[in-house]
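**Q** Spelled out, the chains give:
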Amino acid sequence: NAGVMQNPRHLVRRRGQEARLRCSPMKGHSHVYWYRQLPEEGLKFMVYLQKENIIDESGMPKERFSAEFPKEGPSILRIQQVVRGDSAAYFCASSPLSVDTEAFFGQGTRLTVV
Amino acid sequence: AQRVTQPEKLLSVFKGAPVELKCNYSYSGSPELFWYVQYSRQRLQLLLRHISRESIKGFTADLNKGETSFHLKKPFAQEEDSAMYYCALSESGSQGNLIFGKGTKLSVKP
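In order, the protein sequence lines correspond to chains P and H. Residue numbering for the first sequence follows the numbering used here, starting at 1 and increasing by one per position. Residue numbering for the second sequence follows the numbering used here, starting at 115 and increasing by one per position.
No wet-lab data here; the hints were simulated from the structure. All values reported here derive from a predicted model rather than from experimental measurement. Watch out, some of these pointers could steer you wrong.
Stated by the list, open to error - If you only want the chain P side, here are some residues facing chain H, beta carbon under 10 Å, derived: (1) GLY3; (2) HIS31; (3) TYR35; (4) LYS44; (5) PHE45; (6) PHE104; (7) GLY108.
Every residue, glycine too, gets a C-beta built ideally from N, C-alpha and C.
Given only the sequences and the hints, what does the whole structure look like? Please build it.
**A** The following block contains the structure:
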């Protein structure tokens, strides 16, 4: 089991472009969580998804951000019309169940908006 | 509002010295508390959780509800303990929806 895989590891976008971040959960894991870490800050929860469903998006900015976890393929975090303030490390975690099981983290995608 | 505070950004100790990484939380219910560690160039990984009351790599942490603290301790630090340490709180029992502190960088000098 290769662990939670995120790609790309580094992504550079110009202001106004779209950023797509991918997360492949561990085998057998159907729960995915996205976090954002701004410089000098802790990880902040963004969204929790199960296959084809958004369970909790309380941490997602209301505009420009969206997430999906289709039946087949990785979970995608999409940021439209990126701004400098979106520059951060974005982490994905996955777990087999929603409670009482460890969530395993990916290595993150570092987004830089220039 | 729920919050996790790690007051020290950086903690530097010598090998063999005791280590205490502080964590305080603000939460009205009965939270679950965790410590995560991130070694250089590696992914974030769970170190321990208060419910299991385990000792991992010599680290322990006791939940003190009166002081709302969950400090991480080790009696004798090793150089390989150098890493970023994050305290985290779960409201729902889910380890996927966590409130993290800003982290403390532990540096253990030879």
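**Q** Does each hint fit the structure? Answer for all of them.
**A** Okay, the hints, checked on the actual structure:
{"no.": "1", "hint": "GLY3", "verdict": "holds (7 Å)"}
{"no.": "2", "hint": "HIS31", "verdict": "holds (6 Å)"}
{"no.": "3", "hint": "TYR35", "verdict": "holds (8 Å)"}
{"no.": "4", "hint": "LYS44", "verdict": "holds (7 Å)"}
{"no.": "5", "hint": "PHE45", "verdict": "holds (6 Å)"}
{"no.": "6", "hint": "PHE104", "verdict": "holds (8 Å)"}
{"no.": "7", "hint": "GLY108", "verdict": "holds (8 Å)"}
Of the numbered hints stated above, none is contradicted by the structure.
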